[in-house]
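**Student:** So you can see what is in the structure, the chains are spelled out below.
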Amino acid sequence: MDSGDTGHHCCKPVSYPSCLWNHVLLRLSRTSSDGARRHTKHSRIGMSRHYSTAIQNWRDKDTRSDYADFFTNILDTARTSRTHIPPNFEQNLDSAPLRTIVLFAALLVHEFAHAFRMAYYSNPLGVYQDEPWIGDSRFNELGHALMLHMLSSIPIANFFKPPMGTPTQIKAQVDAYAPFGIFVMEKWQPWLPAGNGFLQKGIKNDFTSPTTHFPVPQRQLYDYFTEDMWTVKVPRFGLDALRFVKIPEWASHRMPGPNPVKPAEKSTVR
Amino acid sequence: MNGVGPERPPPLPYGIPYPPSLPLRIQDPQYAYGGQIDADWAKHGKYFGARDDPSGARGFEIRPLNKPKKDQSLKASLKRKRNDDEDDDEWDIQYRLGRPSESVPWIDLVAKWGLQVLDKAGFLNLDLGPPKSLLAPQSRYLSKRPEEWRRDAVHPVFRQDMWREVDDVEYLNLKPAILLASALLDDPTTMCVFYALATPSCWEDFIDPNVGLCRRLRVPDSPTQEQQAWTFQKICDMRQWTCFYWEDPDVLYKEGALAWTQATQGTTAASL
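Sequence order for the protein chains is A and B.
Just so you know, we're using our numbering here: the first sequence kicks off at 1 and counts up by one.
Just so you know, we're using our numbering here: the second sequence kicks off at 1001 and counts up by one.
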């Protein structure tokens, strides 16, 4: 490995055991940079058009059925059995795009942080990882660290693993439409060995603690788009008014399994 | 009025009800006469159903879909008859717990509670009608920005001229998200991180036994007005250093990413 290219391989996919799937193996975003180092770098930020399409379809939902159709079709794609579908899942869609909007906003700030880092945070000889650590996270992913700093956790659309043979855009559409709600988490890539940008420090605490997800109340997202939030609450409480609420009673905890070096093995959900 | 009956626990945020309380150990669903096992709610949720708690004290109550087989001996059934407890937990199930499809893996939260319980509790869609003020977000720093940037709540780095090949309609679709992103980025709490990123005296070295020489940001708690103004300008200057565009979905799929930021050495943002 080129020593000037540390950031690139630190962000390369780590090979995951397939049982880890439920532990959010998706990488929220990637940073890439080429080997040559300068103090400042231009960048470009590639976003997914599905977010715009989702909102467009929602805006047109009285004249076209594409928005509701997505909700119907995704249930089929996930092979959801009728007995498990909530009533009005495909009709009660007035507030559904709020999830798309909030996820896109978070993603935008996340990616912008990478671009800003490329422009201002110098690592001339490539002796460091591309990104600095913040706080006591094990992985140096600046966008996630910023999200923790601002909103106390990282928001992601609830998802399923598309069956084999499903068109490739399905996962990206679920990420954008968030038809099954949003969850937040603090540990984005739990239980990975040291190296590849993961610190040795803190590994014991990571490997012995559960991976916890919290569902986000739709009402919280609804309140983001009220006058009261921006004229009263944010001026008074700052970003605390926007921090994701984490209701412990509703959390899912994936408990580490018995093997101390491979906590994902035989891990269980509480 | 109260004083008797179940004690109400304190309300949860945003009117969310309490979840069903799930036992740590359950009757082994695989074996009719099996013993108790540790529950794994990603796997075992599907064996349970819920209804609204009739007492109203908690949100839901649960029961196994199939009751454990009862002891069929004559003695046991006579005893049940005497105690009149034949059908005490046969209530109708309103909500199914567990993963919504058998053959497809779901994220833990959904595999545990199921979509119906999450929906009923207020984590999916609401009946509140369309959102009232999609264009309401505005940052705390808006009034402190230099005059030239104050008129539009959109942050200078998210203005439409920063979006390459993104048409007016697409930009309009994203306007609520762009305003929210602007309010998040243009906040003194957020600016602390950007200040530290661009300020070498906030960079602190440490050594990790595995990774080696590392750097951590010391993020200031309360930046001065001058530091905030300096940071706002540094962020604004990014208008020359970056831009946004729609990435090819196949590229993002290959990268396994929702979005990505690439360094483009030696090119100017304007020429992209």
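Worth flagging that the hints you see were computed from the coordinates, not collected in a lab.
Positions of the beta carbon are idealized from the N, C-alpha and C atoms, including for glycine.
Be careful, since some hints might not be right.
Stated by the list, open to error - Simulated pairs of lysine-lysine, BS3-like, Cα-Cα distance not exceeding 25 angstroms:
(1) LYS1043(B) - LYS161(A)
(2) LYS1043(B) - LYS233(A)
(3) LYS1120(B) - LYS262(A)
(4) LYS266(A) - LYS1046(B)
(5) LYS1132(B) - LYS233(A)
(6) LYS161(A) - LYS1120(B)
(7) LYS61(A) - LYS171(A)
(8) LYS1120(B) - LYS1144(B)
(9) LYS233(A) - LYS1144(B)
What the hints assert, rightly or not - Ranges of calculated distance between the beta carbons of each label pair, as one might list FRET restraints:
(10) ILE1037(B) - PRO248(A): 17 to 27 angstroms
(11) VAL127(A) - GLU1147(B): 23 to 33 angstroms
(12) VAL232(A) - GLY1015(B): 17 to 27 angstroms
**Student:** Against this structure, judge whether each hint is valid.
**Tutor:** Hints versus structure:
At roughly 16 angstroms between alpha-carbon atoms, LYS1043(B) and LYS161(A) fall within 25 angstroms of each other, so this suggested pair holds. Of the pairs offered as hints, the one joining LYS1043(B) and LYS233(A) is violated, with about 41 angstroms between alpha carbons and a cut-off of 25 angstroms exceeded. Among the hinted pairs, LYS1120(B) with LYS262(A) is inconsistent with the structure: their alpha-carbon atoms are about 36 angstroms apart, more than 25 angstroms. Simply put, LYS266(A) and LYS1046(B) have alpha-carbon atoms about 19 angstroms apart, close enough for the 25 angstroms limit, and the pair holds.
Between LYS1132(B) and LYS233(A) the CA atoms are separated by roughly 16 angstroms; this keeps the pair inside 25 angstroms, and the hint holds. Under the criterion of a C-alpha separation no larger than 25 angstroms, the hint pairing LYS161(A) with LYS1120(B) is consistent with the structure, at around 24 angstroms. Restraint check: the Cα-Cα separation between LYS61(A) and LYS171(A) comes to about 22 angstroms, which is no more than 25 angstroms; the hinted pair holds. Under the criterion of a C-alpha separation no larger than 25 angstroms, the hint pairing LYS1120(B) with LYS1144(B) is inconsistent with the structure, at around 43 angstroms.
Our distance criterion of 25 angstroms between C-alpha atoms is met by LYS233(A) and LYS1144(B), whose separation comes to about 18 angstroms. Checking the proposed 17 to 27 angstroms range against ILE1037(B) and PRO248(A) shows it holds: the Cβ atoms sit about 25 angstroms from each other. For VAL127(A) and GLU1147(B), the Cβ-Cβ distance of about 42 angstroms falls outside the hinted range of 23 to 33 angstroms, so the restraint is violated. Between VAL232(A) and GLY1015(B), the C-beta spacing of about 20 angstroms keeps the proposed range 17 to 27 angstroms intact.
In terms of the numbered hints stated before, the structure departs from hints 2, 3, 8 and 11, listed from lowest to highest.
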